[in-house]
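Chains E and X, in that order, are what the protein sequence lines are. In terms of this note's numbering, the first sequence opens at residue 1 and continues consecutively. In terms of this note's numbering, the second sequence opens at residue 289 and continues consecutively.
Hints should not be assumed to be uniformly reliable.
Below, a list of computed lysine to aspartate or glutamate pairs in the DMTMM-like style, where the Cα atoms sit at most 20 angstroms apart [stated by the list, open to error]:
#	chain 1	residue 1	chain 2	residue 2
1	X	K505	X	E575
2	X	K427	X	E404
3	X	K495	X	D573
4	E	K117	X	E373
5	X	K495	X	D470
6	X	K505	X	D312
7	X	K466	X	E319
8	E	K51	X	E483
9	E	K285	X	D345
10	X	K466	X	E455
11	E	K51	X	E387
12	E	K198	X	E575
13	X	K427	X	E455
14	E	K285	X	E373
15	X	K466	X	D503
16	X	K545	X	E575
Derived by calculation from the structure, the hints in this document are not laboratory data.
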Amino acid sequence: MSAAGESQGPKGASPRDAGGGRLSDVAIGLTVQVGRGFPTLLYKELLRFWKVALQTILAPVLTALLYLLIFSHVLEANVTVFGGKVSYTAFLVPGLVMMSVLQNAFANSSSSMIQSKINGNLIFILLPPMSPFELFAAYVVGAMVRGIVVGAGVFAVTLFFAPSLLSLPHPFWAIAFALLGSAILGTLGLIAGISADKFDQLSAFQNFIIVPLTFLSGVFYSIHTLPPFWQTLSHFNPFFYMIDGFRYGFFGLSDVPPIMSLGIVGACCAALAALALALLASGWKLRH
Amino acid sequence: MPAAVEAVNVARRFGQVQALDGVDLTVGEGEFFGLLGPNGAGKTTLISILAGLTRADSGTARILGHDVVSDYRNARRNLGVVPQELVFDPFFTARQTLEIQSGYFGIRDNAAWIDEILHHLDLTSKADANMRALSGGMKRRVLVGQALVHKPPVIILDEPTAGVDVELRQSLWAFIRKLNTDGHTIILTTHYLEEAEALCNRIAMLKAGKVVALDTKQGLLSRFSGLTARLVAERVPASWRERVLRADAGVHSISLKSYAELESLLAAMREERITIAELALEEVDLEQVFLKITGRDR
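Pulled out of the complex, with its shape left as it was, chain E reads as follows (with noise of 0.2 angstroms):
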């Protein structure tokens, strides 16, 4: 940030030169912060769902209550996870919490970018001094704090057929994969915003991707339950090791130690993070 960005002077002066320092501010008579783009940015994304909070909060979080009663009625009885030190139910609802955060996470940042494409509205934020992290930063955390949203929402509904999960052994863990987990699918979502080009594209990612990833990333089960050959696909799946990890912050229990779905985790988001890094400076599909 330019210390020169931020003086303010008097209105009506000639409007000279507003960044190179020459005359600066003080021509324009207004406080600019170069890189201080962010928080407007980031504010614009929040304001953007909670807006329709109805549709972006409150109906995954009633989506995902359904599923706990449907599958818990159902299961409770017949399935045994953990070895049984867990019960069922209260196995299944770290994984539809986790389950929402990955999910509304992708939804925001791939809906916001491609909504603003298709309405010619993005060049509201291409055409001022916003770098590509800047912009990055905004729509990620955007979508994480849907996500995070979301599952506290969804954690919160559903706690009432698990109260046990209130005394959490290990909540750093569950708080790291959330926050690691939303920030890989917000990329996700970013990416995947970029790319396509109508909406019927970015559903197509998401109902071939990300839906399959999710579903089949142990949130209904413990991949110990599984034949072996589908043991070892799932350790291909990254979705597996987010809510593994975020589950072991629950329990103390976990599939596979918890510090190696943190590197695993963390290397995905490191690895898609500098993707779309890249896509932003280059201006892919952004700037023609």
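Since the structure of chain E is provided, determine the placement of chain X on it from the hints.
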């Protein structure tokens, strides 16, 4: 002192179309500059390159000396663009739209200037209406406001009055003129050539991605000095047929180099016994210059 806008040998190709073909252009600080050309001439591509929305294949572009690629932050801080497309964010009100745009430029405490913009654009009563509820003309004015919200020294208006009614167009131009008087550099593209003639001091004409004319308004008009005789008659004398600019349903527009030539034309008509039903003389205007330069005068 750097120019407000400088384009040096800027080229851009889209597939088989050479949208810009080595454009050189310099606009001085404080100018009211017109950028004219037929559809597809490359005006919007040039504006997009200046704004960082499109990358040039070759050449450089600078805003107040700041390269639009390597020093994009300062280039964009100094530039306000009113885009041609009527776009808006349906989630927000007019005031929120301006506040958010202001924040993108890192500007806080901008309420006084936003109020002034709303007032000058006659939007105060609609400030808290959702963008979706505004008419096309109002949405266009919010777009103008968004371009001005950071008080950029250089303002580019790409067809800003399309869809805006006459009264509001006048008030918009009064506001833009005031900004120009205050020292802002204005670059305008418009299809209303009378607007360009009334407002711009200097004009560039683009055709097929090239600058085909670049001069002061007076320079352009004097380059094609002369008159147009518009006469209603059954035909034009054979010796004057090459001078016919336009002929439509018995109305012939004939190019004259000066008033003195009018007598020759009338003499030729008398000689061929052609009856004149109506005759009017028009001095050359920017539209005729534009049609001649862009080769669309017949």
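Here is what the structure says about each hint:
Distance check on the hinted pair: K505(X) and E575(X) sit about 12 angstroms apart at the alpha-carbon level, within 20 angstroms; holds. In summary, the hint linking K427(X) to E404(X) is supported, as the alpha carbons are separated by about 17 angstroms, within the 20 angstroms threshold. Proximity of K495(X) to D573(X) is assessed by CA-CA distance (about 19 angstroms); at most 20 angstroms being required, the pair is judged to hold. Under the criterion of a C-alpha separation no larger than 20 angstroms, the hint pairing K117(E) with E373(X) is consistent with the structure, at around 13 angstroms.
For the hint linking K495(X) to D470(X), the alpha-carbon distance of about 32 angstroms lies beyond 20 angstroms, and the restraint is violated. A distance of roughly 18 angstroms separates the Cα atoms of K505(X) and D312(X); the hinted pair therefore holds under the 20 angstroms criterion. At roughly 13 angstroms between alpha-carbon atoms, K466(X) and E319(X) fall within 20 angstroms of each other, so this suggested pair holds. Pair hint K51(E) plus E483(X) does not hold up; C-alpha atoms about 41 angstroms apart against a cutoff of 20 angstroms.
A threshold of 20 angstroms between alpha carbons decides the hint, and for K285(E) with D345(X) the separation of about 16 angstroms falls inside it, so the pair holds. Taken as a hint, the K466(X) and E455(X) pair is honoured in the structure, with Cα atoms around 17 angstroms apart against an allowance of 20 angstroms. In summary, the hint linking K51(E) to E387(X) is supported, as the alpha carbons are separated by about 17 angstroms, within the 20 angstroms threshold. For the given pair, K198(E) sits about 41 angstroms from E575(X) by alpha-carbon distance, which is inconsistent with the 20 angstroms threshold.
About 16 angstroms separates the Cα atoms of K427(X) and E455(X), which keeps this hinted pair within 20 angstroms; it holds. Of the pairs offered as hints, the one joining K285(E) and E373(X) holds, with about 18 angstroms between alpha carbons and a cut-off of 20 angstroms not exceeded. Annotation: proposed proximity of K466(X) to D503(X) is violated, straight-line Cα distance about 23 angstroms (limit 20 angstroms). For a cut-off of 20 angstroms, the pair hint linking K545(X) to E575(X) stands: about 17 angstroms separates their Cα positions.
Of the numbered hints listed earlier, those contradicted by the structure are 5, 8, 12 and 15.
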